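Colleague: Combine the two chains into a complex, taking the hints into account.
If you read the protein sequences in the order shown, they are chains A and B.
When the letters of the first sequence are read in order and numbered with numbering that gives the first Met the number 0, they come out as residues 0 to 117.
When the letters of the second sequence are read in order and numbered with numbering that gives the first Met the number 0, they come out as residues 0 to 155.
These are calculated hints, taken from the structure and not from any lab test.
If you're wondering where the values come from, they're calculated on a predicted model, not measured in any experiment.
A virtual CB, placed ideally from N, CA and C, is assigned to each residue, including glycine.
You can take every hint at face value.
Taking lysine to aspartate or glutamate and the EDC-like style, the derived pairs with C-alpha atoms no more than 20 Å apart in a straight line are: (1) B:Lys61 with B:Asp36; (2) A:Lys113 with B:Asp101; (3) B:Lys66 with B:Glu124; (4) A:Lys113 with B:Asp97; (5) B:Lys61 with B:Glu124; (6) A:Lys113 with B:Asp154; (7) B:Lys61 with B:Glu120; (8) B:Lys66 with B:Asp36; (9) B:Lys63 with B:Asp36; (10) B:Lys63 with B:Glu120; (11) B:Lys66 with B:Glu120; (12) A:Lys113 with B:Asp104.
Not the full set, but computed from the structure, chain B residues with beta-carbon under 8 Å of chain A: (13) Val44; (14) Gly53; (15) Met57; (16) Gly60; (17) Pro79; (18) Ala80; (19) Thr86; (20) Gly87; (21) Val90; (22) Arg94; (23) Asp97; (24) Leu100; (25) Asp101; (26) Ala103.
Single-letter residue listing:
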Amino acid sequence: MRKTLTLLVASTALSAGLGLPAWSAPRAPATEDSRPFAALFASDQDTTALFLVSGDDDDDRGSRNASRSDDDEDDDEEDDDCEDGGCNSAGNPAPAGSVAPPQNGLFGTGAPPKVQVN
Amino acid sequence: MKSLLAALAMTTALTLPAIAMARPVTLTTTLTNYGGDGAYLALYVTDPTGAYAGSLWMAGGKSKYYKHMTDWYRATGGDPAQVDGITGASVGAGRTLDITLDLADALFDAGYTLHIDGAVENMRESPNEVAVPLTTAGAGIPVTGRRYVADFTYDM
Numbered sequence: 000m001r002k003t004l005t006l007l008v009a010s011t012a013l014s015a016g017l018g019l020p021a022w023s024a025p026r027a028p029a030t031e032d033s034r035p036f037a038a039l040f041a042s043d044q045d046t047t048a049l050f051l052v053s054g055d056d057d058d059d060r061g062s063r064n065a066s067r068s069d070d071d072e073d074d075d076e077e078d079d080d081c082e083d084g085g086c087n088s089a090g091n092p093a094p095a096g097s098v099a100p101p102q103n104g105l106f107g108t109g110a111p112p113k114v115q116v117n
Numbered sequence: 000m001k002s003l004l005a006a007l008a009m010t011t012a013l014t015l016p017a018i019a020m021a022r023p024v025t026l027t028t029t030l031t032n033y034g035g036d037g038a039y040l041a042l043y044v045t046d047p048t049g050a051y052a053g054s055l056w057m058a059g060g061k062s063k064y065y066k067h068m069t070d071w072y073r074a075t076g077g078d079p080a081q082v083d084g085i086t087g088a089s090v091g092a093g094r095t096l097d098i099t100l101d102l103a104d105a106l107f108d109a110g111y112t113l114h115i116d117g118a119v120e121n122m123r124e125s126p127n128e129v130a131v132p133l134t135t136a137g138a139g140i141p142v143t144g145r146r147y148v149a150d151f152t153y154d155m
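Okay, chain B solo, but in the shape it has when bound (with noise of 0.2 Å):
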């Protein structure tokens, strides 16, 4: 009995961080005021070797203009499979953009940062609009842009 209740002890001990392996986060990128049309926006992540992770979301449900996101495009080659489930609308001038995901927790404090590369219709391409260490000191704490993203945040 004694090795029974060791073993279940041992077992639920052993299940338990499997479980909670992710966490809900929530990304909230505003844009400026920059007067075009809707922005094209790839959020990514890269290593702490700086190499590309994955993606977390594309905003912009056509593969034709996803060259105009250099640095994804670049790590990426383009390929829609790596945002397919995650892709939704292109973001209007002023709009925010709310997106809550389960991410793992391997991905905070251990070196990854996550990026925004933007583009707009006959406006200027912005690589690396964002980017941001994820670590769980920094959520809640707003990043400026550089063009069209006023401020990005991520909650946790």
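Excised from the complex, chain A in its bound form (with noise of 0.2 Å):
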């Protein structure tokens, strides 16, 4: 009976040494491997809403010059309506500190990075 209890301690206890960095591991590379269909979803939504707003960015401080001479300030109005939240989820990254930085094996923890500008 000891030694029956004695190896489902030690089997139980060299689980968990085992299962902690094995548990671990998986989510370094979860961004490569288990998440490829979400990751590629992403990329494209926000690579559309990228070049959408960039190039009619650059295509219309050409093209209206003509019938609107405030351009450029119209273009910084919607940069700062984005910034408010409206479309902040779709183009632009999670700042420090509200989100955990991303799983790509470069981080040991999910402990938030400090930053400070002098």
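Modeller: In structure tokens, the structure reads:
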């Protein structure tokens, strides 16, 4: 009985010991292995939004100058609207501290980065 | 009892390396007085084969400008998800950006290289502004950038 108990404790402890790193390891390359479809989908959405916004800005500057003299101001207003949250989720990344760093295998833990500008 | 002790010792030995897999690393980037607007900087890592491994920091929050960090953009397609949670403001000329990250030990002395791409509005793009191998021996040694980065250091 005692031997069985010892074996059970040892096997449980071994599983925990091996399981922790093993559990951490798949989380590291998760962006490459287990999330290809999500990443691809997100990438497509963002890329489309990026090119459309950027392309419009650039093209409008040249083509609408005759009819609208304040195109640059309009562009800036659109940018500000996006910053306020309207299209933030579609195009811009989440700022540091608002979500955990990406699980790309470079970060040891999910600890938020500390940043300072002098 | 002896078996139990042996099992406990073994599990402790197996668990400790898992805990000690990361270390805090401070990345310090000082910009030159280039006389322009705030610089967008992409800090990212390539593996020993030169392939993109992941991003460490993005200075600059508007993804529509990410295409100007050409090497990073080529590797990521400008995917903002790559820098979710590791994005801050652009950095002004002459300013110093200090970032402390909890980085995996596996990045050091294993052939990984840290790169910085830079871009400033109405000024030239500067891909691969800095490229520095991540080694324990290289910690604390300043590296000079090509255009906008006066020097870059990583400390552990």
